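Novice: Chain residues, written in single-letter form:
2 protein chains.
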Amino acid sequence: MQNISELPTPALLVDKTAFEANLKTMAGVRPGLALRPHIKAFKSTAVAQVLADAGHTAFCCATIKEMEGMAAAGLGNDLLLANEVLDASRLGALAEAGARVTLAVDSDVTVAAAADGGVKEVLIDVNVGLPRCGCVPEDAGRLADLARSRGLNVRGVMGYEGHLMDWTDRTKQAEQVALSMDKLIMAHEAVGGDVVSAGGTGTFDINHAATEIQAGSYLFMDTHYAKVGLPFVEALSVLSTVVSVDANGGWAVGDAGLKCFGMDHGNPSVDQGGVFFCSDEHTTLVEHDWAVGDRLRLRPAHVDPTIAKHEVMHVCDGDEVVATWPVDLRHW
Amino acid sequence: MQNISELPTPALLVDKTAFEANLKTMAGVRPGLALRPHIKAFKSTAVAQVLADAGHTAFCCATIKEMEGMAAAGLGNDLLLANEVLDASRLGALAEAGARVTLAVDSDVTVAAAADGGVKEVLIDVNVGLPRCGCVPEDAGRLADLARSRGLNVRGVMGYEGHLMDWTDRTKQAEQVALSMDKLIMAHEAVGGDVVSAGGTGTFDINHAATEIQAGSYLFMDTHYAKVGLPFVEALSVLSTVVSVDANGGWAVGDAGLKCFGMDHGNPSVDQGGVFFCSDEHTTLVEHDWAVGDRLRLRPAHVDPTIAKHEVMHVCDGDEVVATWPVDLRHW
Numbered sequence: 004m005q006n007i008s009e010l011p012t013p014a015l016l017v018d019k020t021a022f023e024a025n026l027k028t029m030a031g032v033r034p035g036l037a038l039r040p041h042i043k044a045f046k047s048t049a050v051a052q053v054l055a056d057a058g059h060t061a062f063c064c065a066t067i068k069e070m071e072g073m074a075a076a077g078l079g080n081d082l083l084l085a086n087e088v089l090d091a092s093r094l095g096a097l098a099e100a101g102a103r104v105t106l107a108v109d110s111d112v113t114v115a116a117a118a119d120g121g122v123k124e125v126l127i128d129v130n131v132g133l134p135r136c137g138c139v140p141e142d143a144g145r146l147a148d149l150a151r152s153r154g155l156n157v158r159g160v161m162g163y164e165g166h167l168m169d170w171t172d173r174t175k176q177a178e179q180v181a182l183s184m185d186k187l188i189m190a191h192e193a194v195g196g197d198v199v200s201a202g203g204t205g206t207f208d209i210n211h212a213a214t215e216i217q218a219g220s221y222l223f224m225d226t227h228y229a230k231v232g233l234p235f236v237e238a239l240s241v242l243s244t245v246v247s248v249d250a251n252g253g254w255a256v257g258d259a260g261l262k263c264f265g266m267d268h269g270n271p272s273v274d275q276g277g278v279f280f281c282s283d284e285h286t287t288l289v290e291h292d293w294a295v296g297d298r299l300r301l302r303p304a305h306v307d308p309t310i311a312k313h314e315v316m317h318v319c320d321g322d323e324v325v326a327t328w329p330v331d332l333r334h335w
Numbered sequence: 004m005q006n007i008s009e010l011p012t013p014a015l016l017v018d019k020t021a022f023e024a025n026l027k028t029m030a031g032v033r034p035g036l037a038l039r040p041h042i043k044a045f046k047s048t049a050v051a052q053v054l055a056d057a058g059h060t061a062f063c064c065a066t067i068k069e070m071e072g073m074a075a076a077g078l079g080n081d082l083l084l085a086n087e088v089l090d091a092s093r094l095g096a097l098a099e100a101g102a103r104v105t106l107a108v109d110s111d112v113t114v115a116a117a118a119d120g121g122v123k124e125v126l127i128d129v130n131v132g133l134p135r136c137g138c139v140p141e142d143a144g145r146l147a148d149l150a151r152s153r154g155l156n157v158r159g160v161m162g163y164e165g166h167l168m169d170w171t172d173r174t175k176q177a178e179q180v181a182l183s184m185d186k187l188i189m190a191h192e193a194v195g196g197d198v199v200s201a202g203g204t205g206t207f208d209i210n211h212a213a214t215e216i217q218a219g220s221y222l223f224m225d226t227h228y229a230k231v232g233l234p235f236v237e238a239l240s241v242l243s244t245v246v247s248v249d250a251n252g253g254w255a256v257g258d259a260g261l262k263c264f265g266m267d268h269g270n271p272s273v274d275q276g277g278v279f280f281c282s283d284e285h286t287t288l289v290e291h292d293w294a295v296g297d298r299l300r301l302r303p304a305h306v307d308p309t310i311a312k313h314e315v316m317h318v319c320d321g322d323e324v325v326a327t328w329p330v331d332l333r334h335w
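Just so you know, the sequences run in chain order A and B. Counting from 1 along the first sequence, just add 3 to a position and that's the residue number in my numbering. Counting from 1 along the second sequence, just add 3 to a position and that's the residue number in my numbering.
Hints in this document: simulated from the structure, not taken from any laboratory. Watch out, some of these pointers could steer you wrong.
Given that identical chains are not distinguished, each listed pair holds provided it fits within a single copy or across any two copies.
As the list claims (entries may be wrong) - Calculated lysine to aspartate or glutamate pairs in the DMTMM-like style (CA-CA distance at most 25 Å, straight line):
(1) K68 x E314
(2) K68 x D297
(3) K68 x E9
(4) K68 x D331
(5) K123 x D18
(6) K68 x D283
(7) K230 x D331
(8) K175 x D197
(9) K123 x D172
Predicted model, so just to flag it, every value in this text is computed and none were measured.
Modelling step: build the complete structure from the supplied sequences, incorporating the hints.
Specialist: Pasting the structure below:
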């Protein structure tokens, strides 16, 4: 058993107690197949295996590489690529090899790509308000017909209300989610199928249209999501060592820099004092009396791109490292 | 020979013509050992080999992993770790195995770490204005004496004027660099040795105190540095495919998201139209008539963390891929 004091820094840590609490909280509301965990949040088959062991055996992916890695790990029971692709041949090969592969489509071109690539099943991706992928709801039925005409099994619809994930007024958020999901319900009526795949960590308990919620961040959380008031707790941090201290007491410098963190939501946070700024391989810390050699944990502002920057996560029970999970589904 | 149209996307591209122009421009001002290229910018021994072939055979690293990788690649002729560490044993092992290893020190603790770890040579790291590592200039002589008392060869000083890198008024910038370097010169007088290591891409031509400039970004550049008015050109981009287009013409979606880009300086840029926002695996594009299947190049806002997110860089001569450089020195 290794103590975290023995880990070279920077090192990505997962607090086992917090992680397991998050797993349990979600499973209480969205048990088994009512959750389709989103692999993009953590890009790790080890984490996926924990989810499968907890009864969540259908998964959502964002990249072809994630799909391939999940299938190779024996977790290909029901894999959805919740994203459009123009070359589905690698996905067709996965299906041919025995994985259940479902692909999102939102246009004539992507329906053709699915069929041409040898994919057998699709969801019609419907735009429900986020300016990103998805057809207009009114076109969903036509696309489903087109897909069926190409021999594809249309399992249903998906739509991601990503613009509604981080509202702090949860009553207003729930109203907006319902309006957003009205579009998906309308599309579903035209499309048919059993699946209405939607939602995420921020709407897991208020999206009542979805037959399955696409959430992943909830397992680890971040300082951005932590502000929303969800029943999940921060489990992720980057362990850093103080390597330099200003002689005049103005600041200290930790050895975990912005290459350790997803920075799109801003700087990481620290419990003692504050973060002044991050450089590539350093973080300048202020308003605390750090000494050279001190170790601290920085909590990231955005979980997904943070984990994607690391090769492994160290799972810690207190200060003991009890497992090391490879982040094996990174890149493209 | 592969055409970039055959590359799966997202893919990191380096424009060969721009890269070679940058290499040549810098070498004209800072030939050979007057430049100590900073590996942290690109984390690739393939790029380092190009620099060594151009006469820059001494290198600057930010992490122990970079030091180890450079030595293993036969590029350990003169490696500086321009960073403080508390456990220098891996560096001592490199020196023992024949690499020339120099380590930055800025405190009693880091001097002791260098000596205890078996490192033989150090630079005294001096704070010259950036709130990060480095001793106060007045303490440099004492630290040099301490280092020598521990048997370390003190090669000189280093100091990074990182707070002055991206000024657009280059006359005022030069004045501030001179004031900053006055501190380093004062420290150098107390320390002795042949080396005054300082500077970066933004001050390569106006830092007249440095015997060697620590620059790496200049080879690739980014949209942030491009605003400064330096004689280097943007060579780096991420190739992306449009996978979805809003039926109402409001936006289009590319398959390169924020996991492809260093986001601490903001969104990437595109020549046609604009970037609305980046998601994990998508970028929403506006103000241009994109079609599904179109390919585009997104130029990152910050080079170092962008390259660190990719496994390889594809070097392109026009649209032909002429080399693929592994980004083999990532992580810690």
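Novice: Between copies, within a copy, both or neither: which fits K123 and D172 at Cα up to 25 Å?
Specialist: neither (41 Å within a copy, 60 Å between copies)
Novice: Have a look at K123 and D18 and pick one of within, between, both or neither, based on CA distance no larger than 25 Å.
Specialist: neither (40 Å within a copy, 39 Å between copies)
Novice: State whether the alpha carbon distance between K230 and D331 is at most 25 Å within one copy, between copies, both, or neither.
Specialist: neither (29 Å within a copy, 37 Å between copies)
Novice: With 25 Å as the alpha-carbon cut-off, assign the pair K68 and E314 to within, between, both or neither.
Specialist: Both: 16 Å inside a copy, 13 Å across copies.
Novice: For K68 vs D283, is the C-alpha pair at or below 25 Å within one copy, between two copies, both, or neither?
Specialist: Intra 27 Å, inter 15 Å, cutoff 25 Å: inter-copy only.
Novice: Up to 25 Å between alpha-carbons, please classify K175 paired with D197: within, between, both or neither.
Specialist: For K175 and D197, the Cα distance exceeds 25 Å both inside one copy (29 Å) and across copies (66 Å).
Novice: I want to check one pair: K68 and D297. Are their C-alpha atoms no more than 25 Å apart within a copy, between two copies, both, or neither?
Specialist: between (38 Å within a copy, 22 Å between copies)
Novice: Between the shortest in-copy and the shortest cross-copy C-alpha distance, which are at most 25 Å for K68 and D331: within, between, both, or neither?
Specialist: both (10 Å within a copy, 20 Å between copies)
Novice: Indicate which option fits the pair K68, E9 if close means a Cα-Cα distance not exceeding 25 Å: within, between, both or neither.
Specialist: between (33 Å within a copy, 17 Å between copies)
Of the numbered hints stated above, those contradicted by the structure are hints 5, 7, 8 and 9, listed in ascending order.
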